Amino acid sequence: MARRPYVRPMDGWWKRDPFFIRYMAREATSLFVVLYAAILLVGLVRLAQGPAAFDAWVAILRSPASILLHVVLLVVFLYHTLSWFQIMPKTMAPIVIAGRKVPGPAITLLGLGASLAASTALFILVKVLSP
Amino acid sequence: MAEKRTLTIEVTRYDPDRDGGTYVQSWPIEFTDDMSVLQGLQQIKDYQDGSLTFRWSCRMAICGSCGMMIDGKPALACRSFLRDYLPGPLRVEALAHFPIERDLVVDAQDFMTKLASIKPYIIPKQERTLAEGEYRQTPAQLERFEQFSHCINCMLCYAACPQYGLDNKWLGPGVTALLHRYNSDSRDGGQDERMEIVHRADGVWSCTAVGYCSEVCPKAVDPANAVNQNKTKSAVSFFARFLGGK
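Line by line, the protein sequences give chains A and B. Sequential numbering from 1 applies to the first sequence in my numbering. Sequential numbering from 1001 applies to the second sequence in my numbering.
In case anyone wonders, no lab produced these hints; they're calculated from the structure. Given the structure is predicted, the values throughout are model-derived calculations rather than measurements. There's no promise every hint is true.
[To be verified] Simulated crosslink set (BS3-like; lysine-lysine; CA at most 25 angstroms straight-line): (1) B:K1219 / B:K1231; (2) B:K1169 / A:K15; (3) B:K1119 / B:K1004; (4) A:K101 / B:K1231; (5) B:K1119 / B:K1169; (6) B:K1073 / A:K15; (7) B:K1169 / B:K1231; (8) B:K1125 / B:K1004; (9) B:K1045 / B:K1004; (10) B:K1233 / A:K101; (11) B:K1169 / B:K1233; (12) B:K1219 / A:K101.
[To be verified] Sample of chain B residues lacking proximity to chain A, with all beta carbon distances greater than 10 angstroms (derived): (13) K1004; (14) Y1014; (15) W1056; (16) G1064; (17) R1128; (18) K1169.
[To be verified] Here are the in silico distance ranges between beta carbons for each label pair: (19) B:N1153 / A:V72: 23 to 33 angstroms; (20) B:G1072 / A:A52: 50 to 60 angstroms; (21) A:M24 / B:E1134: 47 to 57 angstroms; (22) A:A118 / B:E1132: 52 to 62 angstroms; (23) A:A114 / B:D1046: 50 to 60 angstroms; (24) B:E1030 / A:V34: 51 to 61 angstroms; (25) A:P18 / B:F1239: 36 to 46 angstroms; (26) B:D1192 / A:V72: 42 to 52 angstroms; (27) A:S115 / B:E1132: 51 to 61 angstroms; (28) A:L31 / B:E1030: 35 to 45 angstroms; (29) A:M24 / B:P1016: 28 to 38 angstroms.
Even for Gly, the Cβ is constructed at its ideal location relative to N, Cα and C.
Take these sequences, add in the hints, and give me the full structure.
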């Protein structure tokens, strides 16, 4: 009776478990982050080219297609933020306060709260500064 | 008298003497609410098909022998209850990402070799004679590694790690957790040699933070945390070289 270990194929592994699908979705959101960084970078280049170029870029941003894209991006970024802070407790050294380890869900909530606060602060700042 | 119910267990089987890879065979079993999946398999083996092959020992989630894919998820058969899989059928398969020897038994040699490679024991900073007494430790020093010492080598985390499944050169979650357990021990002096393993491409850097290893761990070891803490350590040590550090 000879040994003949059988190695199972890994094809389509990420469809095997909902956890893997959520992981792949998290990784895929980074591509949307790159896309938005490119949009902002183009804006910066257009700004350097003068007021007319910048106004043209802003006009494109105000088009219905662009607004739809931004809505999609917003949803994707919300998931990106959520998944980022969900994995955060697993990626850091333990925080010990008064001799007790801060539990993972508390770190996740703290991170989500901080990003909400930062986004709100930025939104208010832009509203105050815009003419 | 406990009420008996029926559940069908489908097992992905493998026979090395038979060509064509794995095949599925199912058996209906009668069970009571207190019966584990392991007991279900034992019932099949004892009364229906003696050739069904699986590993088990303690029946109480401490030996780490009965890890398998239960309804597609890595779990200990002794710690999973048949009542939770109604109405069934319940699918049982050998632990993912390991070669199957027969039925639900996998070849664990790769894990064993890696486990030995990280020297999973205390390498004393300074040898003490018996007369000098024991190596003492404060509760705070124990707290730094205790959770990682709870690993029972059940390999569920390996079955949860797609990176290990795709390339098994990677050291993997469980062994890294144990590496971290010894490196974090105040009595240990083996950090430098273990960190050489951490720094390698097949050390912690093969991890892409899927995080499922920590979800399936039956002992709340959180191997993903051990791996990612060592990514930080590895990165710090890489950059510290330029500042004249170690």
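task: Quick one: which hint numbers does this structure break? Sort them smallest to largest.
output: 3, 8, 14, 19 and 28
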